[in-house]
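Going line by line, the protein sequences match chains G and X. Just so we're aligned, residue 1 is where the first sequence starts under the working numbering, counting upward by one. Just so we're aligned, residue 1001 is where the second sequence starts under the working numbering, counting upward by one.
If you're looking for bench data, these hints aren't it; they were derived computationally from the structure. Each residue gets a CB set at the ideal place from its N, CA and C atoms; glycine is no exception. There's no promise every hint is true.
Not close to chain G: a few residues of chain X, all C-beta gaps over 12 Å, as computed [stated by the list, open to error]:
no., residue
1, R1035
2, L1047
3, M1059
Computed cross-link-like contacts, BS3-like style, restricted to lysine-lysine with a CA-CA straight-line distance of at most 25 Å [said to hold, decoys possible]:
no., chain 1, residue 1, chain 2, residue 2
4, G, K2, G, K367
5, G, K23, X, K1276
6, X, K1276, G, K2
7, G, K23, G, K2
8, G, K124, G, K94
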Amino acid sequence: MKFSLRWLRDYATLDAPVAAIVKALVDTGTEVGAVELGGEGIVVARITAVAPVPGSSHLQFADLDLGGEVPPSLAAFSVVPGTVRVMTGAPNVKAGDLVPYAPPGTRPPAMDERLGVRTIRGHKSPGMLCSAIELGVGEDADGILILDDGTPGQALTEALALDTVFDLDITTNRPDCLCHVGIARELAAALGEGLNEPPSSVPEELLSATSAELRAHVRIEDPDGCPRFATRVIEGVVVGPSPGWLRQRLRSVGLRPINNVVDITNFVLHELGEPLHAFDLERFVEVGGARIADVVVRRAVPGEHVVDLLGTDRELSSDDLVVCAGETPASIAGVIGGSATAVTDATRTVLLEAASWDGPSIRATSKRLGLRTDASTLFEKGLSDRLPPVALNRAASLIAELSGGHVLGGFVEEWPRPLPDLGPIDLTARFTGELLGISIDATEIATTLAQLGFAVEQDGGTLTVMPPYFRRDVSLPEDLVEEVGRMIGYSRVPSTLPGRRVAVTTTASVAPVEDAIRDVCVGAGFDEAITFAFVATGDASVLPGLGRGRTPIALRNPLSDEWSVMRTSQLPRLCAALAANVNRGSDDVMLFELGRAFWEGERVGLAPGSTPDGSDRDLPPLPLEPLLLSVAVHVSSGTPEGAADAVRRVQAVFERVSRDLAGAAVRAVPSEEHGLHPGRSAVLRCNGELVGLLGELDFETAAAFEVRGRVAVGELRIDAIAPSPPMPVRYAQPPRFPAIVQDLAVTVAADRLAGDAIDAIHEAAESLLEDAELYDEYRGGSLGAGRKGWTFRLTFRAADRTLTGEEAQRAQDTIAAALARHCGAEIRR
Amino acid sequence: MTADVHRVAAEALEAITAAQDPAALDAVRTRYLGRGDGELTGYRRGLGKITDPDARRQMGQMVNELVERVTDALDERQRTIERAARARSIEAETLDLTRPAPPLRRGRLSPVTLAAREIRRIFGQLGFETVEGPEVEYDRYNFTLVNQPPGHPARDSQDTFYIDDSRLLRTHTSPVQIRSMLIRGAPQRVIVPGKTYRRDHDATHMPMFHQVEALCIDEGIAVSDLKGTLEFFARSFFGANSALQWRPHHFPFTEPSLELELACVVCRGSGCSVCKYSGWLELLGSGMVHPQVLRNGGVDPDRYSGFAFGMGIERAAMLAWGIPDMRLLYDNDVRFLVPEAASEGPAERPAP
Chain G
1 MKFSLRWLRD YATLDAPVAA IVKALVDTGT EVGAVELGGE GIVVARITAV APVPGSSHLQ
61 FADLDLGGEV PPSLAAFSVV PGTVRVMTGA PNVKAGDLVP YAPPGTRPPA MDERLGVRTI
121 RGHKSPGMLC SAIELGVGED ADGILILDDG TPGQALTEAL ALDTVFDLDI TTNRPDCLCH
181 VGIARELAAA LGEGLNEPPS SVPEELLSAT SAELRAHVRI EDPDGCPRFA TRVIEGVVVG
241 PSPGWLRQRL RSVGLRPINN VVDITNFVLH ELGEPLHAFD LERFVEVGGA RIADVVVRRA
301 VPGEHVVDLL GTDRELSSDD LVVCAGETPA SIAGVIGGSA TAVTDATRTV LLEAASWDGP
361 SIRATSKRLG LRTDASTLFE KGLSDRLPPV ALNRAASLIA ELSGGHVLGG FVEEWPRPLP
421 DLGPIDLTAR FTGELLGISI DATEIATTLA QLGFAVEQDG GTLTVMPPYF RRDVSLPEDL
481 VEEVGRMIGY SRVPSTLPGR RVAVTTTASV APVEDAIRDV CVGAGFDEAI TFAFVATGDA
541 SVLPGLGRGR TPIALRNPLS DEWSVMRTSQ LPRLCAALAA NVNRGSDDVM LFELGRAFWE
601 GERVGLAPGS TPDGSDRDLP PLPLEPLLLS VAVHVSSGTP EGAADAVRRV QAVFERVSRD
661 LAGAAVRAVP SEEHGLHPGR SAVLRCNGEL VGLLGELDFE TAAAFEVRGR VAVGELRIDA
721 IAPSPPMPVR YAQPPRFPAI VQDLAVTVAA DRLAGDAIDA IHEAAESLLE DAELYDEYRG
781 GSLGAGRKGW TFRLTFRAAD RTLTGEEAQR AQDTIAAALA RHCGAEIRR
Chain X
1001 MTADVHRVAA EALEAITAAQ DPAALDAVRT RYLGRGDGEL TGYRRGLGKI TDPDARRQMG
1061 QMVNELVERV TDALDERQRT IERAARARSI EAETLDLTRP APPLRRGRLS PVTLAAREIR
1121 RIFGQLGFET VEGPEVEYDR YNFTLVNQPP GHPARDSQDT FYIDDSRLLR THTSPVQIRS
1181 MLIRGAPQRV IVPGKTYRRD HDATHMPMFH QVEALCIDEG IAVSDLKGTL EFFARSFFGA
1241 NSALQWRPHH FPFTEPSLEL ELACVVCRGS GCSVCKYSGW LELLGSGMVH PQVLRNGGVD
1301 PDRYSGFAFG MGIERAAMLA WGIPDMRLLY DNDVRFLVPE AASEGPAERP AP
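This is chain G alone, in the form it adopts within the complex (with noise of 0.2 Å):
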């Protein structure tokens, strides 16, 4: 929002230097966004030599010494050496005038954008000379400002006091900042000097007898949406244009001034921080039908229509709130007036009202219409209900001395709901103290509070506080904490860390987990990807994952269709992250991440941290959000021998994540799974649970990922392998006994699986048995069609003793004979 430094000296000294205000505002909590300081860069010009402009009744040349030499940027506009020439249409300059010249890239502060070469006439002409309009210093616009004194090349803003504007951020529960009384405020506070508020009266002299409840009625039908609603009358107006120094505060902010009536409104709304708006009260009659102005506020019914100030038809609905003349919306409330009740040339009657409305109401209503105005903003933000008769008084006295007229006596309002007083509130320096750590006593903390407008009360070390109307947004002792340490500046505060009262932290958090899983992934070569946790729906038909028949979330507002639904499973978004690498040209990529998908439906039991009153019982539970491991890797080659070993290297992953979080294997069960190839893929199980998946995408799936060669995936639930609290680790002494390792080779059919064999193994062997490793697969050569070979590289060892070899060959023999029991294996000898 724009201040005008001129502006906001009308009730301020504020003389400090620009700089020092900035930082007076920063300091205590007001974002400055933007500094224009108006007029950079034009400068104080003495016209050398008028001369006529060839085939022009008005246009003139006029040459000007800018002091000194010619700029470079400006030596092609030299007629005259020395001098530079510019075009200008205003009759009133001659020869040896000090004026004001604004070269091309600078902008007069009441123009919009910055000035370039112009070309009138077949003539260029860089910059313009300006006039007192476009400097924002005068109302005169037909023109050029004549300098009484200034040197030439002298920057302006040193010969003229230019204004300055302030772009600020005011933060949310600071609307009482939204307006140029309420920075003077906090400004004269922070620097220390006084405030001179606007008068809140109608002078006598302004006043008429009779009472304004002979041209107005109120009624509100909801006090929800509107807490009070009130009204002044000012008889005798005559509208015109407003005076030059009320068209001057409007256009510093960027305002274009209309009427009296008009600007005068607009101009309380800036200087007050409350929205106005003015209807002619003899058209709010004819409208309404009744004798006097019938101000009826309610809800609008469907339906209804009302054109506004713009000339635009708005429907309405039963959410917006209106305020009626009769029976007829005669304005959107908060939002925009009506045309058919506005303000005109001919009004000599001016029904003035100031309302507090429901913030909220007002924002649903200003967003369904997408029209967003000064009042809407403001209302929005929830204004003080003792602010509306401030406001009322402060612009029907200046209508009345501006247009003539005279303000009928008295308020006619309404007023249901007034809002709680938020005070007094009891402060103590100590408090105070404490919650800042700093100390501090209670004489500097009632100075600082009353400079910004609440009335305090000292009894010792006991504060008691009462906030101004205007500063809702303070209740409680921590508020006023915050505007004492605001003011008084956190750099009064020391830096010191927390005493070490909480013991160190003895819960199990997820973290450590994450992290070693991450060490695993990264010392395997994979590369850590993030994908956005909300895909397309029709994602996880191409390749499921572990989200195969679990039902995804759908988001209600979603920002496209690609990200509909919440993820039931990393792999499709991994995928295409490992396709756009591979098109980017980078070989062999092995992608991982580690991130929650979201089951709807699979949550036992609230989450954790859950209201203990449970309330929470009542609201849909919350989705489970498993952790998952997934991974892709990429095989250039496209062979089968690298997908196969791609599809190893991803087992390999998830053994050593399962065997350093479980303790555990996990057990690969081969499995067909969608957009799996069928030949390569198994789900995992732990423990009996079914916690992963891995395998080869299959052909068609590589190809709706628009990836060459082939692919390996896998993904792994760490949330449930990961036992919570996490596995103890110990350390055991090394074997102090040999050990005997013995090869035992074996042929089987050829679509026995390993994992049965390992298990027939471990089950036949007695405790001398410390591995069994499958080290060797081979088929062909003599075993013929339907027969593979394998080799068993067992290792046996006793714990207390040197095993001999005829223990170890007889637990062999045991082993073999299991083995062709259960796998129908032929012993090779």
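Add chain X to chain G, keeping to what the hints say.
Then chain X, alone, in the frame of chain G:
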């Protein structure tokens, strides 16, 4: 016989000289010195047939001497051959170490992960425990219980992904404050990293991003503790000489509220387009936990006070490592993940 012995020994010495490789030398050794039946050692068997003890002793001595000579010659020849073989293999096995080593394949973590780890580590030093919360959250926890009741501007559905009337994707990690208070009570110190979601997508906003939140509750916690803790964090993360400044601000869930700013990492405070010519960059929002928020978490605000802060992890990573565009963090381009050593970095933080 003496002459024969000498002849055989001379032959052996000749054969030794002629042998060019270990196999040939082995053959010579076997032929002349083989146990029992070697051509030279065989003479030892014949010694028994010499009846004269003196002659037998002389002969024995001579044979032994010759065997010793031949053995020495063999050993010497073997060393020579081995030396030659080693010399040949050294020549053949030359390794050109000027050729760069094959790349050691190691994966790379996302800068988001690296930053989150570092943040957790720093707060861990101060006794903050890492906790997490659900990403699909109740409206009540995300908004109402952290002082953003229905109708509050921050709840605008423009900015929030809703699932239904009561559930949404959390817009910040703050609801975990409530959950952590309900679980742990007071006192506590927790650090909460996690994914957050807002309905916003442009060059500087991602609809999914990461935040980190900290909560410290105890008796007597003051703004000074907030300042000290977060300055310790900022200087640990961005470098010991980082210039910092505090500014009052407003957040619904803290009172008082403060924002921490870091001197612009690009211009070092002199003003540039990155910091919009202010010289400072917003780093994090913080404040003393609002008494109503404490109450909502079941903590008695008359006994305990606390501070909290929240920060975008992407922003911290971008500032620390000079990442020019937030979108790079979500492109998943493996080439981006490999950091370069910067001769002069924007911040003092070493590369991950």
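We went through each hint and held it up to the structure:
At roughly 32 Å, the least C-beta separation between R1035/X and chain G is larger than 12 Å, which holds for a residue marked as non-interface. At roughly 46 Å from the closest C-beta of chain G, the C-beta of L1047/X stays outside 12 Å, upholding its exclusion from the interface. For M1059/X, the condition that its CB be more than 12 Å from all CB atoms of chain G holds, with the nearest at approximately 50 Å. For the proposed pair K2/G and K367/G, the alpha carbon gap of about 23 Å is at most 25 Å, so the pair holds.
Taking the CA atoms of K23/G and K1276/X, the gap is about 16 Å. The hint holds against a cut of 25 Å. In summary, the hint linking K1276/X to K2/G is supported, as the alpha carbons are separated by about 18 Å, within the 25 Å threshold. For the given pair, K23/G sits about 17 Å from K2/G by alpha-carbon distance, which is consistent with the 25 Å threshold. Distance hint between K124/G and K94/G is fulfilled; the C-alpha atoms sit about 21 Å from each other, no more than 25 Å.
Of the numbered hints given earlier, the model fails none.
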